[in-house]
Amino acid sequence: MFGNYITIPHLLVLFPLLAGIITFFIKKESTAKAWSLLSVVITLLISIASIYFRNNKELSGLTYNYMWLKSIGSSISLALDGMGRLLTFLTAFSFVIILIANYKSTYKNANVFYGLFLLAQAGLMGVFLSTDALLFYFFWELALIPVYFLCSYWGGEKRIAATFKFFIYTFAGSLFLLVGIIYVYLLTGATRYSDHNFSLTAFRAVVLYANQQNFLFWLFFIAFAIKMPIFPFHTWQPDTYEQAPTSVTMILSGVMVKMGVFGLIRWVLPIFPMAVLKFDNVVIGLSVIGMIYASLIAIKQDDLKRLAAYSSIAHIGLMCAGIFSMQTVALEGVVIQMFAHGINIIGLWIVIELIERQLGTRKISQLGGLAHKAPVLTILLVIIAFANIALPLTNAFVGEFMMFSGLFKFNIWYAAVAGLSIILAAVYTLNMVQKVFYGETNSITKSMKEISWNEKLVLMVIVVMIFLTGVFPQPLFELTKISVAPISTIFK
Amino acid sequence: MNAILLTAIWGIIMMFGGVFFKSKQTPKYWAIAGLVLIIISNYVELTTGASFFDIDTKFMLSFNSFNLTFITIALVSTLLYFLLSGSDIEKVGDNVSEYFALIFFVLCGVCLSATYNTLLILFLGIEIMSIPLYILTGSDKRNLKSNEAALKYFLMGAFSTGIMLMGIAFIYGGNSEGSFFISNINIGEGKMPVLIAIGMVFMLIALSFKVSAAPFHFWTPDVYEGAPTVFTSFMATVVKIAGFIAFIRLFENSFGKVQAQWQLLVSVITAATLFIGNLTAVFQQSVKRMLAYSSIAQAGFMLLAVFALNTTAMQGLILYSAAYSFATIGLFAILIRMYDYTIDGFNGLAKSQPVLAVTATIFLLSLTGIPLTAGFQSKFLMLVAAIRDGHHHWLVFWAIICAAVSAYYYFKIIQAMFFKEAAQDILEHGSIAVGANITTGFKALLILTAILIILLGIFPSLITDSIHF
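Chains A and B, in that order, are what the protein sequence lines are.
When we follow this note's numbering, the leftmost residue of the first sequence carries the number 1, and every step to the right adds one.
When we follow this note's numbering, the leftmost residue of the second sequence carries the number 1, and every step to the right adds one.
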């Protein structure tokens, strides 16, 4: 189990896990904070190494499985493919950004806060890495529990009710996923009583009849749809985003919602292709309705957090529609967009957090004229806002363009209706920028000061990432192509 | 064999010891010492098959790895119970050593009902298990509620015993061999003879009563609430899981071949138990009463094993008994020490007693079935067993919906402990009852129990591998 068997995938999970457990025992707040910052930076370095050594088989951990529950055929198997590398990098990167951006926030029981924070990272990494269905389910739930405690303890006024709704929703969804996993598991292997197996390869090899696929598809899909969230399973999301402490909201919207999208690509498309073909219209229909619906509500929002939450629902809806168009170009677009959306939305949250921390409000109606007081913040925010509307040269443009062209190939009408959401996104984003940053300062915004160096640094890193991957997306294509190719061949 | 005789002998020793024990604490130490001895002897029998006693039981008892593993779990649970709540048994009344003696007699009954091979021993086991419980329920003599609970339990218990005897008589009369042996109730794959069918239904009713399955569960909340809380803890765990082992062994050996004919009946009972247990628990304000309903709900999940009746189910039931007992005993040990038994009484516990709050959370997460805890692995195996069975798929979905409901009431306690502020009177008084001292040893034991639950959650094979079929 040890020695040359510890590979990069193992490190990506084990390191944050151990670091998180250690953090619980660091009583002093500043030490706990510094330690968790150090550990997320190390995790980021490991993740960069995983991209750098991507052709090295031994380090990538494609070879080694540790039999975990022998009697039922589950193993601890972790592996990285292109999509996994991208998403683990997103996880590692965003945790560093989140910690630096919130470095000045103080939390009571900081050691517990940072401990849970790192455990959530370990859970997320596990979700993106596991190639064993039971292990995947384990991490799927383990990512949820720390986040539940983070939201309920450090969140806003109505946190208990909001996060409880979130928890019950996702827990019920995961139970459906569990039953689905067990069903497929019992069909693996040659006969009904031979040895069954939880591995991804066994799951992909299993022969399912059309009627089996149809109901198994929904068991998996509901769990993922709740997490993403897709209309009509989205009602937990705005409340939770609003009530959670901002650093946790960043995890939720930047990384955690990607679990659902990732799950669809990794576990649903290759295992239930017939059902995907059968229900593509239903799912795309729901996604498109959700996009338009969320965009319209976003226009009416006065609370910045809720605005960002609804905007996130609209973006995720497009990703889901892109997946079910089953076009290679759209699938590649989805993977790239997962990465881009993670970075952009975290940038948006950071700006909202900075405003709220200084002025104590995030109501659009109470703000105005911040550009006079904080020009640097404004410039950075405007770039992030442009990325949120997916203007060319920004990272989101590449992904959205690819998803739309896939959707266009699938059905021109869906593409047309979904295209409306781009216009609506421009409406609510620019409206927000205008009302919050331009115009006259008022009694509340008078006290606004320019942001400090660490906040500038974080936002600049994000802006650099936005342009870098917007202008030069080729490395992302190379990473995604390998993972998407086998899936899109199924549908050819 | 070791466990059956030694528990009986040690029960007698404890009973007469009451005359000689000077201090009130002495019986506890004797009981713990005896139990450790019994566990070791039972473990020796499990691993090597060696018994200290050479008695010809005429095949009326069987000691295979399944039975002995279960007995080990029941004994270890009791040991945990003694260690965690032993000092609370001393507070119930003056006859401390008698309480311990009665618990040892219950254990003897538990061992018998786990190893029986004939219906007669089953009957003996269930009765030896039940009669001391009637006494323990009423042991708080001055408390009217305790008296009421004991009477209720006794009357209902006697009634179900009658039904069981009737069932045994029908089965005896109905089978061609005229035999009490469970494996000899020789019914082929065809239709069940009428007499045996009636007998089976009677047995089903009587055993459902013992494991408090719906619609025979009505005694449970009242008895659990009326009985002194220490004994509720024991009744809800060791005794209940013993009922399940008796249940599954009878149905596997005697009626396994005609599963198709009774499966619908059992699945309806399972669904009703899950529904009533979970739904009623949601509305409880008293944690003690909520745990009573939660024990009904958990029984519903364990009934899935009887429903499926395959090797996964047998393994799963063993694991479930361990996961459920450890978590529930731990929770009750904390509950006994609380000043206020309502959910509000747990408000702010994380601040005043962080160790208690964290361990209670692990117990509650295990009961909910969250991964990394033993509760998840056991619920998981139950679902695998039920799905593998291949019939009545609706039951699986019913079970997971009920499991999602259970998250609601278990998490209400977690919320109270961590996220809510204690009310004024609790702040003044403290969350912990007067006279209940939280020693370091108690905390250490709670942590140990929590670690045990997590360990089983990661490596369930520690238990399931000791069973061979």
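Just so you know, these hints were derived from the structure itself, not from any lab.
Virtual Cβ for every residue (Gly too), placed ideally from N, Cα, C.
The reader is advised that the hints may include incorrect statements.
Simulated coverage check for chain B against chain A, where a stretch passes if three residues somewhere in it have a Cβ under 8 Å from a Cβ of chain A [said to hold, decoys possible]:
| id | segment |
| --- | --- |
| 1 | 29-35 |
| 2 | 116-129 |
| 3 | 173-183 |
Which chain A residues face chain B? A few, computed with CB under 8 Å, are given here [said to hold, decoys possible]:
| id | residue |
| --- | --- |
| 4 | Y52 |
| 5 | Y66 |
| 6 | Y103 |
| 7 | Y107 |
| 8 | Y137 |
| 9 | E157 |
| 10 | K165 |
| 11 | F167 |
| 12 | A172 |
| 13 | L178 |
| 14 | V179 |
| 15 | I182 |
| 16 | L430 |
| 17 | N431 |
Status of each hint after checking the structure:
1. 29-35: violated (count 0)
2. 116-129: violated (count 0)
3. 173-183: violated (count 0)
4. Y52: Violated, about 32 Å.
5. Y66: With a closest approach of 12 Å, the Y66(A) hint is violated.
6. Y103: Violated, about 25 Å.
7. Y107: For Y107(A), the interface hint is violated, since the closest Cβ of chain B sits about 14 Å away, which is over 8 Å.
8. Y137: holds, 7 Å
9. E157: With Cβ-Cβ at 12 Å, over 8 Å, it is violated.
10. K165: Not OK, violated: K165(A) not within 8 Å of chain B, min 11 Å.
11. F167: Nearest chain B Cβ about 7 Å off; hint holds.
12. A172: holds, 4 Å
13. L178: Holds, about 7 Å.
14. V179: holds, 6 Å
15. I182: At about 5 Å, which falls below the 8 Å cut-off, the nearest Cβ of chain B leaves the hint on I182(A) intact, so it holds.
16. L430: violated, 39 Å
17. N431: violated, 36 Å
The structure does not agree with the numbered hints 1, 2, 3, 4, 5, 6, 7, 9, 10, 16, 17 stated previously, though it agrees with the rest.
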